Every structure is written in structure tokens, then in C-alpha cells.
Amino acid sequence: MISTYWQNIKSAFSTSLSGLKTTFKHFVEARHVHKPVGISSPDYFNQDKGIMTLSYPHESLPIPDNGRYKLHNEIDDCIVCDKCAKVCPVDCIDIEPIRAVSEIGKTSDGTSKRIHAAKFDIDMAKCCFCGLCTTVCPTECLTMTKSFDFSEYDVDDHTYSFATMTPLEILTKKKELEEFEASKKKTQEAAAPKTERKADSEPSAEKKKPAKPVFRPRPMIKKKKDGDA
Amino acid sequence: MEMLEILFYIIGALACISAGFILFTKNILYAAFALVVTLLCIAALYIFSNAEFIAVSQIMIYVGGIIVLIIFGIMLTAKIRDEKALVGSHNRFLAFASSAAIFVMLISVIGTINFTQYQAVTGSNLHKIGEGIMTDYLLPFELMAVLLLVALIGATAIASKKEGGTS
Amino acid sequence: MIPIELYFNLSAFLFAVGLGIVITRKNAIFVLMGIELMLNAANINFVAVSQSESGLLEGQFFALFVIVIAAAEAAVGLAIVLKVYSYFKTIDLDRVNELKG
Amino acid sequence: MSTIIFFLPYLLIVVIFAVYGERKISAFIQDRLGPMEVGYYGILQSIADLLKLIQKEDIVPKAADKKLFLVAPILIFVIVFAGFSLLPVTSSWHGATAETGIFFLLAIVSLDVIGIIMAGWASNNKYALLGAVRSAAQIIAYEVPLTLSVLCVIVLTQTLDLQTISYQQGIWVNQVEPDSVNYLFGLMSIGIDITNVGGILSWNVVRMPFLFLVWVIFFIASLAECNRAPFDLPEAESELVAGFQTEYSGFRWSIIMLAEYGMMLLVSILGVILFYGSWNTPFPNIGSFKLAEWTGGLPGTTSGNILSAFWLISKTSLMIFLQMWVRWTFPRVRIDQLMSIGWKYLTPFALFFLLLCGVWRLLMI
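Residue numbers (this note's numbering), protein chains in the order written: chain Z, 1 to 229; chain L, 1001 to 1167; chain F, 2001 to 2101; chain V, 3001 to 3365.
Same shape as in the complex, but just chain Z (with noise of 0.2 Å):
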């Protein structure tokens, strides 16, 4: 009974004491800042004392090159393939193509490209960031960049449009499309045999289909922001 209180007594003193041998440490050591070091850096493991928090807008940790955040899409490179759209779990990618005429050009990498892309907008407030657009991708143009950094004000202020062409682009090629068709057309009636006509006309009629809404007005058409800090 009475042991136990001197021991308690001791243990108040001696646990006390050093509580605030350790706090004064860490008050001490409060002269040193640790810098904006990645876990790529050797010395990553070497700063173990001092302030850990990083004023973050001022500075902040590196990211590593093969960060997974904001998505990227390189129009040239890019051959509207609809692939990423069609494999995306949250269908957060909105492609339009237009048709091209002939070969527009070719890629990087030497494919050829064939389609225009009217339309190519990632909702990135909807993406999960799984990346499986941009393993579908054949050319490699739909990437993930390092930048992580990009809250807006407003939630539509997230959808990134990717696509360069201007209205009158598209309509043109609209239109340049629908007068190819239209030939094409002709030559095939004029080439075919009558019975063979019939399933031939039915695919063009739906091609002309989608071409009905011509443009529609976006509001969000906004330069695509460099976020890498």
C-alpha cells in the first residue's frame, strides 16, 4: 500500500520527465524543415527529425513520372478509335468522330489516321483513375500525367476537351463527308446490279444519321489547364 504510492510518486516524476524531454526534443529539432524530397531521392529516409509538414500551394512532394492522376490525350497521335470510351467503367469519355474522306495523316508511331475527332472530352470529376483507356489505346496518345492538382469551382469545369477542330472544321468535313457518301453512292448504283443495291443503301442511310446534330454549343470549351506544379 504505502510501496505503491512512493512508486507512484517515482513513476509520476520519472515518466513526466521524460515526456517532456521528448517533446522539448521535438521542439528543438523544429529548426530543421524537411524538404520536398520524393521517395525516388536516396536521401528520402535520411531526414528522420524536424518539421514534416510541407507548406503545401508553396511546395510539395515531387510525383513520380508514372503517376496515375489527370488524363492526357495527344490529338495527333490520337485515331478515334472509340476504344477507351468503349472500355471506360464509368463512361467518363465522350468521343464524336467524323468520318475522313481519305488517310488525314499518320501518327507518331505510323499508323494512319482516318477519322476526325469532332468531339473528344474526359469528364475527369467522373473518372476512377483505373487507367484501362489508357491500356486499350493502340497509338499510346491517352496517358496519365503527373498532375494532381486540379479542383475548379465548378463541377463541369472538370470535363477536359481534347478535341482542336473548330465548328466550321467540322462542318466541312461534315459535309465533305456527305457529298463523298453521296458520290460513292452513285457509283455503286451505277456499278452494282439491282439486286445487291438494296442492302448496299441501308448502311448509308444510317451513317446519315448521327450527322444530324450538326454542333451543338458547349459552354465548357475552355484551353485545357497545365496543372503540373
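Hints listed in this document are in silico derivations from the structure and should not be mistaken for laboratory results. Please note that the accuracy of each hint is not assured.
Calculated pairs, DSS-like style, for lysine-lysine (alpha carbon to alpha carbon, straight line, at most 27 Å) [claimed, not checked]:
id, chain 1, residue 1, chain 2, residue 2
1, Z, K126, Z, K83
2, F, K2089, V, K3344
3, V, K3126, L, K1026
4, V, K3126, F, K2083
5, L, K1026, V, K3066
6, V, K3344, L, K1026
7, F, K2026, V, K3344
8, V, K3067, L, K1026
9, F, K2026, L, K1128
10, L, K1128, F, K2083
11, V, K3344, Z, K10
12, F, K2026, V, K3066
13, F, K2083, L, K1026
Just so you know, these numbers come straight off a predicted model, no measurement behind them.
Assemble the complex: chain Z is given as a structure, and chains L, F and V must be docked to it using the hints.
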């Protein structure tokens, strides 16, 4: 009138007003806080009469101790919601008559006293009080200490929850 | 200096008020407060007299003892009030009228 | 000249810097940066907070007792601030000449309960009332060891006047008590006269070395009196939201905060006066190096005033730092632990040291 006297009248009036407030208020908690004001005013009057030690004792024991006890008593026996903090009064006529009679009697008796022999002096009397407590008034002082201890234990024993008066 | 009559008159008034509180109030704690007020009124007289030239410190000693004993009285008194409250569920002195506990 | 004209602005400045300092100290102890955005290194953060608090609406809960609710914070502050009226600032500038200085300060500390209970009751909120009752129980319980530890010093100094106690701990003691002699450790039998050496050797903790342990008791009890961590049960935010201040907002809440920091400052200054030499310099006179005279300054002169105020303020700031350091080190104690620390450990030891101090005093004469 000099400054000190004006101050005395103000404090005396404050003491009377707050005491009157205790008499007429219905809310018991307001009464307790009015009693705080009265007791503090009385402490100030002690300082006027060159009794600093008594004044501080008054603040310490009365205001810091007894009033806190009383407020605790009020809190444990009344609730702010169900109007129990409001307390009525009775025997008003009897009370008025007897207090007025006592007041008049006291005032008339005080009027007959010759106060000229009591000339106030200033100066420290703290050491005298200390010496007095340890010499001439040692027995009452010790008895007071014992009484306080007994009262403390008694109060705990009475207020403890156990039935049958053990402890 | 302040004439001693003033202290005495003030003390007489406070005593009368304290008496009034003790008589009119039904609540036990109110009555206790009235008693404290009366004790204080007496104390004022003791202290006022003790400032005289002959150094009658007896008045201050008496006041000191009164203050301390009032503390003891309040402690015991409030303990009793709490006990009464737990038994009668009221501290209205008119309704606490049974002797058999 | 009244010390109020010094203490009112000083208290405000101390509160502003203490709030900032508390945030920074807590941040550094926890390896954080603390406020960084407002001003250089966040130095204007507490001023921004103050502006925010003043702008806020003064809300009175519907079920609250309006009059008491509005008065309570002001009462708390007034009571705490009354304590400052007695403290000395410099060697020749002191507050009210009260013979019963310390006794009055202890009374002030116990008066504070009234305001807290008033705030807790008037809020008409369970948490507020629980916090107020806890606070009252705690303050009354810890008044006993606090008073006893102060009494240990009083036994040695033989006076209740704060300015006399201050003079006794330096080389100017003969200005208030002619012909008194200070011996090393206060012991006449050692026979080393240090009346003219002064410095740290004449501080109360050195005059009676056991007073350091008494100061530990005083410090713990004063933490409990200020309701500061680890004894901040009345405002235990994890259980009682904010205790008796739950319902307060804006200006009135900042008044309560001001009173809390005022209480910290009050007990810090009191601790410095009683144990650590008040406004006296820590450097003693060594031979012809009159360090105590150079760094202390003759009372009454300009340099004396400035230097003594500097020593008092810097020592007090150190004490406040200590309080903050303790706050950010220890977790909150439980209510039963609190009571057992107060009654079973601090009070008996304070009584024992009181006896020891009495014996020491007998050796001093």
C-alpha cells in the same frame, strides 16, 4: 465631502440595494449572486475600517467558500426549467413589522451611543493579528480549527448517499 | 475618516433585511442566506469598533472567528438541506413538517 | 501611478502573442509548421482571429438566463483582472500597497469560481453546467495545495506584501528592510553573507533549496487553477464540447479566453515573484564585477525600472512557455486521478514542506 466618504456612501448604498434585492427577488440564484455583491461590499467596508486581513478573509471564505456552497445547494435542489428556482414568500406583514421594529430600535439605540471615544486610526495591524492568534487567542483558534474539521466530516457524513447513517 | 455611526446604521439596516428574509422565505437555502446576512451585519459592527485608537483588535478577531464558524455552519446546514431534499423532495420549509423521518 | 495602465495593454499584447506562441509551440512539438499564411510566419494570425471574433454575432440561447449569461464573461474577466492590481511591475512601480497582497491574490483565484458557475448555469446546457461544476470542484480542491505552497514561502519571507518579497530576493533588500542580512541558503550557521552579492543566490529557491519542490506543487496546482491541460477537465472538448463556454460565441467567448490567459499570466507572475526572484537579475556580484548592480539597476532610476521590468517580463514569459510545454506534452487526467493527485499527493507533501520551511526559518535567525 472627501473622496473616501463618497466612495463609502456608494458602497454602502450598493450593499443595501443588493440586500434589498435578496429580500424581494423570486429567483433564488439571483439572490445568491446579489449576496455575493453584498458580501463584497461588506469586504470593502472592512478595508475602510482598516481591517484588511478581515476583508480578504471575507472574500476568501464567504465569497469563495460559502457562496459557492450555497450555489451548489441551489443547483442540487432546483432546476432552471421547472420554475423551482422561483421561490415565493409568506408572512410578509409579520416580517415587515418585526424587521422594521428591530431596525427602529437599533437606530434609536445607536443614536444614544457616544462615538467620540472611538477615533479611527490608520496603520498596519496585520502583525498584531498574527501575534494575537498565536498567543492570546490560541485556544479559540485551535477550537475553531477542530470545529471546522468536525463540521467538514459531519457535512460529508450527512450528505453522503448511504442510508442508515453509517460512516 | 468615516464616522462609526454610519457603519452601525448600515449594519442595522442589513440586520433588519436579513431578519426579513429569514421570516418571509419558504426556501431553506434562502433562510440560510438571510442568516449569513445577519452574521455579516454583526461583523460590520465588530470591525468598525476595532479601528479605534486604543487598538481594540478583539473586534477583528471576533469577526474572523464568526466568518470561519459561518463557513462551518453553512457546510453543515447545506448538508442537512440536501438530506431533507432527498427525503421530502422539497426544501419548502412549510412542507417539511413531519418529525418522524 | 497605477499599474493598471501597464497591465491592461500588457495583458492584451500577451494574449495576442500567447495565442500565436501556443499555436507555434504546439506545432513545433508535434513536428508541424503552425500558422504560416497571415503575415510573416503567420505572426498576424491571432490578430486576424481577434477581428473575426469581434465581427461574430453575439448569440444568446433562447432557453438561457439572459442577464446572467451576458454578465458572466465580464465578471470572470473583471475578477481575474482585479488580481493584477497588486502585482509589482518594476522595483519602484508597484500596484496597490496591500499588506495582504498574496492573501488577496489567493482570494481572487477562488472568486473566479463564481463567474464560471454563473456562466455554466446561465447557459442552461448540460455540458456547460457539468463543466462549471467540474471547474468549481477542481478549483476548490486545488486551492488547498496552492495555498499551502504559497504559505511555505510566506513562512520564509515573513510578509504578505509582494513588493517586500521582491526586495528580499535581491541586493536592494536594505532599502525596505534596513539592517537585514541575507546568508547563503538563508542559513546563518554557514555564515556567508550574500546581501551584497545578490543575483540568483538570493532568490527564494536558492535561499531554501527545497522550495524548488514546493514550486513544483505550486505549478501543478496553478495549472489546475487556470483550468489548463492536463487539468482542463472543465472544458474537455472530447466529452463536454467546451465546458462552461459551450454556448458562448464571438466577443463574449473572446473575453472568457482573455480571462483564461490572464489567469495564466497572473499565476506565472505570482510564481516568479514568490520563487524566482521577482524582478531581480539572476547575475550575482562577483568581486569587482558588479553584475547584479549593472544588470539590476538602482530602484527609482530609469535604468532600474527598465531592467527590473525586463527581468520580470522575461521570467514570466518563460513560465508561460513552461505551461504551454506541459500542455502539449501530457494527456488530460481523469477526474478521479485529478482528485487523488490533489488530495492524496499534493496536499500532504505541501504540509510536509510547510513544516520543513518552518524549521528552516528557525535556522535562519
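Verification of the supplied hints:
Taking the CA atoms of K126/Z and K83/Z, the gap is about 18 Å. The hint holds against a cut of 27 Å. Of the pairs offered as hints, the one joining K2089/F and K3344/V is violated, with about 35 Å between alpha carbons and a cut-off of 27 Å exceeded. A threshold of 27 Å between alpha carbons decides the hint, and for K3126/V with K1026/L the separation of about 24 Å falls inside it, so the pair holds. Taking the CA atoms of K3126/V and K2083/F, the gap is about 24 Å. The hint holds against a cut of 27 Å.
A hinted pair counts as satisfied when its Cα atoms are at most 27 Å apart, and K1026/L with K3066/V qualifies at roughly 16 Å. For the hint linking K3344/V to K1026/L, the alpha-carbon distance of about 42 Å lies beyond 27 Å, and the restraint is violated. Taken as a hint, the K2026/F and K3344/V pair is broken in the structure, with Cα atoms around 41 Å apart against an allowance of 27 Å. Distance check on the hinted pair: K3067/V and K1026/L sit about 15 Å apart at the alpha-carbon level, within 27 Å; holds.
With a C-alpha separation of about 43 Å, the suggested pair K2026/F and K1128/L falls outside the 27 Å cut-off, and the hint is violated. As the CA atoms of K1128/L and K2083/F are separated by approximately 42 Å, the hinted pair breaks the 27 Å bound. Between K3344/V and K10/Z, the direct Cα distance comes to roughly 15 Å. Compliance with the 27 Å bound is thereby established for this hinted pair. Simply put, K2026/F and K3066/V have alpha-carbon atoms about 26 Å apart, close enough for the 27 Å limit, and the pair holds.
Only pairs whose Cα atoms come within 27 Å are accepted, and K2083/F paired with K1026/L is accepted, the gap being roughly 24 Å.
Consistency note: the structure conflicts with the earlier hints numbered 2, 6, 7, 9, 10.
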